[in-house]
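Engineer: Residue numbers (numbering that gives the first Met the number 0), protein chains in the order written: chain A, 0 to 299; chain B, 0 to 299; chain C, 0 to 299; chain D, 0 to 299.
Just to be clear, a hint being listed does not mean it is correct.
Any copy, or any two copies together, can satisfy a pair, since identical chains are not distinguished.
The list that follows gives simulated cross-link-like pairs (lysine-lysine, DSS-like), each with its CA atoms no further than 30 angstroms apart [claimed, not checked]:
1) K189 with K98
2) K129 with K294
3) K102 with K298
4) K98 with K245
5) K2 with K298
6) K2 with K148
7) K62 with K102
8) K293 with K98
9) K189 with K298
10) K2 with K245
11) K129 with K189
12) K223 with K129
13) K293 with K148
14) K223 with K189
15) K293 with K129
16) K129 with K148
17) K129 with K62
18) K98 with K62
19) K98 with K223
20) K148 with K62
21) K245 with K102
Treat the hints as calculated values from the structure; they're not laboratory data.
Number of protein chains: 4
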Amino acid sequence: MSKRIEIPTPYRGVITPMVTPLLDEETIDTAGLTRLVNHLIEGGVHGIFVLGTSGEAPSLSYKLKHELIERTCDIVHQRIPVLVGISDSSLAESISLAKFSEKNNASTVVATPPFYFGLNRQELIRYYQKLADQLPLPLFLYNLPAQTKVMIEASTVQTLASHPNIIGIKDSSGNAPHFNTLLHLLQEQKETFSVFAGPDEMLSTAVLMGGHGGVNSGSNLYPKLFVELYHASVNGDMNRVLSLQKEVMQMSVGIYQLGDTGASFLKGLKAAMSVAGLCDDLMLSPLMPFESEKKSVIKI
Amino acid sequence: MSKRIEIPTPYRGVITPMVTPLLDEETIDTAGLTRLVNHLIEGGVHGIFVLGTSGEAPSLSYKLKHELIERTCDIVHQRIPVLVGISDSSLAESISLAKFSEKNNASTVVATPPFYFGLNRQELIRYYQKLADQLPLPLFLYNLPAQTKVMIEASTVQTLASHPNIIGIKDSSGNAPHFNTLLHLLQEQKETFSVFAGPDEMLSTAVLMGGHGGVNSGSNLYPKLFVELYHASVNGDMNRVLSLQKEVMQMSVGIYQLGDTGASFLKGLKAAMSVAGLCDDLMLSPLMPFESEKKSVIKI
Amino acid sequence: MSKRIEIPTPYRGVITPMVTPLLDEETIDTAGLTRLVNHLIEGGVHGIFVLGTSGEAPSLSYKLKHELIERTCDIVHQRIPVLVGISDSSLAESISLAKFSEKNNASTVVATPPFYFGLNRQELIRYYQKLADQLPLPLFLYNLPAQTKVMIEASTVQTLASHPNIIGIKDSSGNAPHFNTLLHLLQEQKETFSVFAGPDEMLSTAVLMGGHGGVNSGSNLYPKLFVELYHASVNGDMNRVLSLQKEVMQMSVGIYQLGDTGASFLKGLKAAMSVAGLCDDLMLSPLMPFESEKKSVIKI
Amino acid sequence: MSKRIEIPTPYRGVITPMVTPLLDEETIDTAGLTRLVNHLIEGGVHGIFVLGTSGEAPSLSYKLKHELIERTCDIVHQRIPVLVGISDSSLAESISLAKFSEKNNASTVVATPPFYFGLNRQELIRYYQKLADQLPLPLFLYNLPAQTKVMIEASTVQTLASHPNIIGIKDSSGNAPHFNTLLHLLQEQKETFSVFAGPDEMLSTAVLMGGHGGVNSGSNLYPKLFVELYHASVNGDMNRVLSLQKEVMQMSVGIYQLGDTGASFLKGLKAAMSVAGLCDDLMLSPLMPFESEKKSVIKI
């Protein structure tokens, strides 16, 4: 097994929150996984994030999670960093998954707040400190209030950013005033702490305003598009930004916004990936893939 | 190992959603568990529900969950039914925990909707049907929108109640119009499908209006009080009901309503149980027990 | 003009939050209003509440509000108390409407918290104290978080109940633990402060547990049913309660729960009242009445 | 009275949602109003919007609203367009206020959805069409889900944008994916329909991505800052944008984010304006100004 890639400091670029290719509810589609990983690396993305929301992590058994970590790390083979989602309502299970990730030479781990009990600010801070203290790999915070119902406020991130083992945040709130507050409060730490935006539709503005990059579901499908948009934004090339942003928005409107639930973006994405021949659109319970009628609308 | 107790049809009475006595974050307090189980059975409760919200189930590792199921079933020793919470965002893990429960002679299992992705009505129904199809024990639905952010509507329960392996619901919504709609829509099935109310404060009205009983956190502390209130309500003895209800409300105001988060009732309960000498008030991450100042207010 | 009826202390019974009969968007249906008022008084209700949610108060112009107050007070002619909703985002407009109500010999006024800015507890208390200080008539609080997005907590009501001009609350939260906390905290003031429940489905349990009555939309249609259920509940006659509750639930399921928005109960109610020949189902903007398809389902 | 200024098509730039200077709860501070209007016009803003959220419109009586419209139009004297907020839960009152605005030579009106009853998409569209049909002035939509609890979805705006009397939207959702969807869906209409962003923190990214401008509370205090940021964003001058954005964020963190309610930004703003000598920080019920302790923190 090759040596682990260290995450650059600060980490920058486009990270793909990889969907999980499956043959059936208990079996990973290894051929699809290989095809997808190579598609992403050839597309130029700066990291692969397994076991996020797009990876349907909450729906996977621990057995499947372990398999996916092993195989992905094996296929990636240290070409780019692998980030592993360890979000869990149980602290012990999060730590256990992080240890497994470390053994497989993943580069870093990512965790939402525990999503069940409502927490106050003090409990949230204590939770993340306790977690980071015990992890064998550096930690990215993951703010995703639409799913977890817990908002990690900017001032909370500022407090946590001083922990030596907490190296960044994936902020998927989509809340522009909050995101800009985050960038403002963390400007002194921007060489050591990375701020990534989650929603595809705001990659460009996040980077234009000083963010480090995006964790973009759409890069599963179109890695080059997102990597080019990232670079155009870093360079402040507004003509190019607007032209590529238009393509991102066509994808968003044409694929993500077809359904009626919070997981619609993921159903649309997996449907589009099957149309593109990248992998099957099978989804784990409780999610159901789009019916053929909705799927037929998708143009890629 | 003694034979499993079958759940009566319909199931009625007071079920205790047992708190989890712990020595530290990795160790069950077996002496406290024994003391608590006997306290409950001597108090006359009609069932013990482990791994619910009051049991901090989402915070326990699978290892601790297994230990707790084994030991509780062993200590209860078929004196009353044991119900096991199998709520999980992964269907496979829920089924796995149910199989473990069945081997340990638990009587039934209880599951919330998977609490991460937003689901539409069809997905919710399909999820529960798929789960119930594969379970080795009968299933109680568990409606707890404050924590799971998913409301199981009354008409959805009506649909699911026709599944032969779904035998009841614990409704913890606290929503009176919804609860009465549930009783109304399920009146034809009241001999085979049980409707229990969650919040302690509505045990009496739930039973007066035709509900089968309550799953009452407060019965961890005062099992006799809740059992007596249940019987007074069954008998329509309003003087007795109002007198016992006053005691329940004193407990609710004096113990449950001291904190500022959704888990305050549980912090108050565990603090009160430690004051009563039943078990320690240690709580698993991410929850923190009350500080001594708040704890000192509690009178039992 | 006859003398004003003083509100009894404490006030008890069934209050009808009257729908507003209209000929068109600018004209009150005076014949329908007369028919409806007499239907209610003959049905035995203990008060008529104009300009509540069921009366579409937020949609009425001030001109129409004034007309409705004048005509209703005139038709009721002091046979029973008239309560007037003065909820408004502007304190000055609320006071002005209360003065107009007093001149027309209404008995009392009712107000939700101002529904726009989010308020903290202190602002909410100060608002109600300032309002009550300036009103020429006694005030009922009106808790309706589904519409106003502000919850009046039980401890807040306890504080406000000591104001000499605040004489009761209509609690339409439907939250059973909250409602029972309200009854518990206000037990010492139950001879001077009235606690009414809003949702029709919980009139019986509210009264059984010590509440003073209900403000029941359904009594627009079936005043006798609600008055009889109130008396059966006061008397603790559980057989009668359960039999009448079944009729209330048939109405709730058959009329209130047909639509898909928060105002569905009102659309169903107004459709049912037009089927019953009591008044037209015309609704003010922004609400639209049920289409004939949905209306045809309604049986009364 | 001078002739009305027509709103340019499309309308672009920085609009100030003006705070309402008051001497007491019933009296406009005319001297302060004059000082403020001139401060804004000298600062170069492209329009003054009275009776928005920052103007505490929901708290003003109709008498005060009329006075404010008259005096502001008089002081502005057609130097720049005046926009008037006509948001109301009653359609008739909205139209009446628009007619009054037209008589006083205001340029356009602005309306949120009616904020009480929950509306479905069809009702929302019908409401706005009915309103726009009857207005004597062109209409801006106003999306402010934090206060109104109604989200105007991008596809709804697209439908409404085809109405000849609906000329733009102020979107204060702060939701970046939604805002970019809005820009994408309305790109064909960008010469006739204006898309303004509400939150100060996203003025620059809104304009960089193709938006027409911002309706920025902070421009009450610092009109030049916002006007310069607007121009730098139009020109794609990223160095200047980032430098000015830093000043906006200092204001946001130092003034808007000091309190604990949804109206904190407004309390902070009014406190800062009193520190700056622009007007008093008196606020209408139900809002209370900051205590001197919090006010003393504010540096301008």
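Engineer: So, for every hint listed, does it hold in this structure?
Structural biologist: Here is what the structure says about each hint:
1. K189 with K98: within (28 angstroms within a copy, 49 angstroms between copies)
2. K129 with K294: between (44 angstroms within a copy, 24 angstroms between copies)
3. K102 with K298: neither (41 angstroms within a copy, 50 angstroms between copies)
4. K98 with K245: Answer is neither; intra-copy 41 angstroms and inter-copy 40 angstroms both fail.
5. K2 with K298: neither (41 angstroms within a copy, 52 angstroms between copies)
6. K2 with K148: neither (38 angstroms within a copy, 43 angstroms between copies)
7. K62 with K102: Cα proximity of K62 and K102: in one copy and across copies (16 angstroms, 21 angstroms).
8. K293 with K98: neither (41 angstroms within a copy, 37 angstroms between copies)
9. K189 with K298: Classified as between: cross-chain Cα gap 26 angstroms, same-chain 39 angstroms, threshold 30 angstroms.
10. K2 with K245: neither (40 angstroms within a copy, 41 angstroms between copies)
11. K129 with K189: Result: close within a single copy only, 24 angstroms intra versus 48 angstroms inter.
12. K223 with K129: Neither: 38 angstroms inside a copy, 39 angstroms across copies.
13. K293 with K148: both (29 angstroms within a copy, 27 angstroms between copies)
14. K223 with K189: both (26 angstroms within a copy, 29 angstroms between copies)
15. K293 with K129: between (45 angstroms within a copy, 24 angstroms between copies)
16. K129 with K148: Result: close both inside a copy and across copies, 21 angstroms intra and 26 angstroms inter.
17. K129 with K62: both (25 angstroms within a copy, 20 angstroms between copies)
18. K98 with K62: Both. Shortest intra-copy (15 angstroms) and inter-copy (16 angstroms) distances satisfy the 30 angstroms Cα cut-off.
19. K98 with K223: neither (32 angstroms within a copy, 46 angstroms between copies)
20. K148 with K62: both (27 angstroms within a copy, 27 angstroms between copies)
21. K245 with K102: neither (41 angstroms within a copy, 43 angstroms between copies)
Figure legend: structure checked against the earlier numbered hints; hints not met, in rising order: 3, 4, 5, 6, 8, 10, 12, 19, 21.
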